[in-house]
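Novice: Respectively, the protein sequence lines represent chains A and B. In this text, residue positions in the first sequence follow the working numbering: the first is 64, and each later residue adds one. In this text, residue positions in the second sequence follow the working numbering: the first is 2, and each later residue adds one.
Among the clues, some could well be false.
In silico SDA-like cross-links for lysine to any residue, where the CA-CA straight-line distance does not exceed 20 angstroms [claimed, not checked]:
#  : chain 1 : residue 1 : chain 2 : residue 2
1  : A       : K130      : A       : L383
2  : A       : K167      : A       : I191
3  : B       : K97       : B       : A109
4  : B       : K32       : A       : I191
5  : A       : K273      : B       : A109
6  : B       : K32       : A       : L256
7  : B       : K143      : B       : V131
8  : B       : K32       : A       : E252
9  : A       : K270      : B       : A109
10 : A       : K270      : A       : I191
These are calculated hints, taken from the structure and not from any lab test.
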Amino acid sequence: MQSSNKKIFKHLALTALLLTAIGFWSFQSFANETASDSLPQQQLVTENHADVHSAETHEEGKVDAGKLIMEHIADAHDWHIATIGTAHISIPLPVIIKDAEGFKVFLSSAFHHGHESHEGYALREGKIVAVDANNQIIENADFIDLSITKNVAAMFIAVFVLCWLMLRVAAHYSKNKNKAPKGINNLIETLILFIRDEIAKPSIGPKYEKFLPYLLTIFFFIFINNLFGLVPFFPGGANVTGNIAITLVLAIFTFVITSFSGNKSYWGHIFAPPGVPKPLWILLVPIEIIGMLNKPIVLMIRLFANITAGHIIILGFFSLIFIFGAMNQYMGLGVSVLSVAFTTFMSFLELLVAFLQAYVFTLLSSLYFGSAVEEHHHEEHH
Amino acid sequence: MELVKPGLGLIFWMTITFSLVLFILSKFAWKPILNSIREREDSINNALNAADEARKQMDALKSDNEKLLQQARIERDAMLKEAKEMKDEIIGQAKKSADDESRRILAAANESIESAKIKALNELKTQVAVLSVDLAEKVLAKKMEDRSAQEAFVNENLKSITLN
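So here's chain B without its partners, still in its complex pose (with noise of 0.2 angstroms):
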C-alpha cells in the first residue's frame, strides 16, 4: 500500500512548485499570449467586417455609376433627337424659303419679259407705222407724177367702193 500512500516531502514541494509555476505563467506566459490571441482575433475579424463593407460600398458604387449612365444614355437620345428635329426643321426651312425665291425670282423674270415684249412690240408697231406712212408717200409721190394713172387709180377704186 505504499503507492497510495501520500509523501509528505513530495506534497509539500508539489504545492510550492505548483503554486510558484501558476503564478509565473498567468501572469508572464498566458496573459501576454492569450491578450496577444485576442487581439489577432479581434483584427482579423475588423478586416473582415472592413472588407465585407468595402464590397458593400463598391456595389453601392456600382449600381450608382450604372444609374448614372442609364441617364446619361437617355440624355444622349433626347438630345440626338433634339438635334435631327431641329436639323429637319432647318431643312425644310431653308428649303421653303428657297423656293419662295426662286418662285419670286422667275415671277419677276417673267414680268419684265412680259413688259420688253410689250415694249418691243409697241416700238415695233410704232416703227411699222412710220415705216408704212413713210412708204405709202414714197409710193404715193411716185405715182403721183403720172396724172392720167392718178386718174385711173381713182377711178377704179371708186368703182369698188361703188359696188360695195
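Isolated chain A (complex conformation) (with noise of 0.2 angstroms):
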C-alpha cells in the first residue's frame, strides 16, 4: 500500500514538473511575442535567461498584463506557437471574407501579422476590418467574415479526434460483442453509462433514449475541447468553449431541441398557467416565457465565464512572474516560485472544472429537456 502511495506521489510530482515546465517554456513564448510586437530590440526576462541582460533593460520592459491575458482569451486569425527572438512562428489560418464581390479566400500570413493590408482588408487588434487605399479604416463596411480563425482549427481538431476516438470504440463494440471493455473502451463506456444512468434516466424519465445521442455529443463535445484548452501550446491553447459564440450556439441548439420536444403541458405551463386566475395570467405569462428563454443564456453564460476564467487565472498567476520580473530580475524569479505552484493547483482545479463543466451543461440540458416531455398527472387535481 505505501510503496503504491508512494509510487503515485513520485508521478504527480513528475507531472507537475512536466507540466511547469511546458508552462514556462510556452508562456515565456507568449511573453516574448507580445513584448517584442511594441519593442522588438527587447527580451523579457525569465529564469533561462536571467544573466544575459542589463539592469536598464528590465525598467523599459512593462508588461501589459489586461492585454496579454485578453489576447490570448479571444480568438485569432493565427495560430501562434513560439517566438524565437523576434521571429515568430505562427501557422497562418485561412481568411474568408463575404462581401459584396463574393468571396475571398487567402491565408492570414498575407497580412504579415497586421502590418499591411490584402485585397481591402487588413488585421487591427486581431480583427479583420476593411480599409481603403490609405490603409485607413472604413467604417460600417458590409462584409462578413468567416473565417477558419484559431478557435474554429482548434475546435475542428478536437472535433476530429472526438471523432476518431468514438467511431474506433464503436468498432471495438461491434467487433467484440458481449465482452467485458478494456483500455480506452473501458474509460469511454463508464462515462457513457455515467450519462445515461446519472444524467439521462434520473432527471428526462422514461423517455430519455430519444435524447440520449444529443447529451452524449455535448459532453464529450465540451468535454474535449475542454480538455485541449487546458494544454498550452498547440494543438490546444485556444479557448474554444470559453468562447461566447461557441457556447451560443450549443445553448441554442439545447433550446430548440426543448422547444420541438416541449408537448402540450410543457407549452400549457408557459401560456396558460394551470390552477391560475385568468386575470393573473397577463403577469405570469411573461414571466415564464422569460423563464423559458433564460434557461439556454444560463447555459451559454456558466460555460464561457467558467472557462474563460479558469484561462484568465492561469494567465495572471504567469503575468505576476513578468510584472514584477520587469520591477526586479529577483523578484520575478521569487514569484515564479509562487506563480507555478498555483498555476499547477489552478491546473489540476482546472481539470475537474472541464469535467465539472461538461456535466453540468449535459445534466442542465437533460434537465430542460425532462420539463419538456414530463407528463404533469397532477393536473387532474387542480
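Grab the two chains, each in its own frame, and use the hints to assemble them into the complex.
Specialist: Dropping the structure here:
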C-alpha cells in the first residue's frame, strides 16, 4: 500500500514538473511575442536567461497583463506557436470574407501580422477590418468574416480527435459483442453509462433514449474542448469553450431541442398556467416566457464564464512573474516559484472544472428536456 | 467588451461542425455503442436469471432425490423385516416338522420294539414249555424205570395232597 502511494506521488511530482516546464516554455514565448511586438529589441527576463540582461532594459520592459491575457483569451487569425528572438513561428489560417464582390479566400499570413493590407482588408488588434487605399479603416463596411480562426481550427482538431476516438470505440464494440470492455473503451463506457444512468434517466424519465445521442455529443464535445484548452501549446491553447459564440450555439441547440420536444403540458404551463385565475396570466405568461428564454442564456454564460475565468487565472499567475520581473529580476524569480505552485494547483482544478462544466451543461440540458416531455399527472387535482 | 460579443464566423462554423458531429456520432458511434451496451446488459441479466433458474432446479432435484432415497430406505426396511419374518416362519415350521417326524419315528420304533419283545417273550414261553415238557418226559421216563421208586413217589405226593 505504502509503496504504491509513494509511486503515485512520484508520478504526480513528475507530472507537475513536466507541466510547469511546459507552461514556462510556452508562456515565455507568449510573453516574448507580445513584448517583441511593441519593443522588438527587448527580451523579457525569465529564469532561463536572467543573467544575460542589464538593469536598464528591465526598466523599459513594462508588461501590460490585461492586454496580454485578453489576447490569449480572444480568437485570432493565426495560430501562434512560439517566438524565438524576434521571429514569430505561427500557423497562418485561412481568411474567408464574403462581401459584395463575392468570396475572398486567402491565408492570414498575407496580413504580415497586421502590418499590411490585402484585397482591401487588414488586421487591426486581431480583427479583420475593411481598409481603403490609404490603409484607413472604413467604418460600417458591409462584409461577413467567415474565416477559419484559431478557435475554429482548434475545434476542428478536437472534433476530429473526438470522432476518431468514438468511431474506434464503436468499432471495438461491434467487433467484441457481449465482452467486457478494455482500456480506453472501458473509460468511454464508464462516461457513457454515467451520462445514461446518472444524468439522462433520472432527469428525463422514460423517454430518455431519444435525447441520449445529443446529451452524449454535447458532453464529450465540451469535455474534449475543455481539455484541449488546458494544453498550453499547439494543438491546444485555444479558448474554444470559453468563447461565447461556441456556448451560444450549444445553448441554442439545447433550446431548439427543448422547444421542439415540448408537449402540451409544457407549453400549457407557459402560455396558460393551470390552476391560476385568468387575470393573473397577464403577469405570469411573460414571466414564464422569460424563464424559458433564461435557461439557454444561463447555460451559455455559465460555460463561457467558467472556462474563461480558469484561463484568466492561470494567465494572471504567469503574468505576475513578468510584472515583478520587469521591476526587479530577483523579485521575478521569487514570484515565479509561487506562481508555478499556484498555476499547478489551478491546472489540477481546471481539470476538474473541465469535467464538471461538461457535466453541468449536460445535466441542465437533460433537466430542460425532462421538463419538456414530463407528463403532469397532478393536473387532475386542480 | 470584445469578450462577450459572439463572432459571426465562429457561430457559422460552430453550427455546421456541431451539427455534423452530432449526426456522425449519433449514427456511427452512439447507436452501435449504446446498442451493444444494452445487448450486453441483457445477456448478463439473462445469464444471471438462467443461473438462478438452474439453481432452483438443482434444489428441486436435490429434494426429489432426498425423497426418493427416503422412500427407498423405507422400502428396504420393510423388505428386510418381511424377510426376517419369513425366515423365522420357515425355521419354526422346519423345527416343528422335524419334531413331529422324530416323535413319529420314536413312536414307531417303540412300537416295533414292544412287538418284538412280546413276540420274543411268546416264543420264549413256548420254547420253555416245550423244553420243560421234554425235560419232564425225560425225567419221568427215567423215574418210571424203577417201580418201587414210582410208588414211593406217588405215595409221598398223595400224602401231601391229603394233608392239604
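Novice: Under the constraints set out in the numbered hints, which ones does this structure not fulfil?
Specialist: 4, 5, 9, 10
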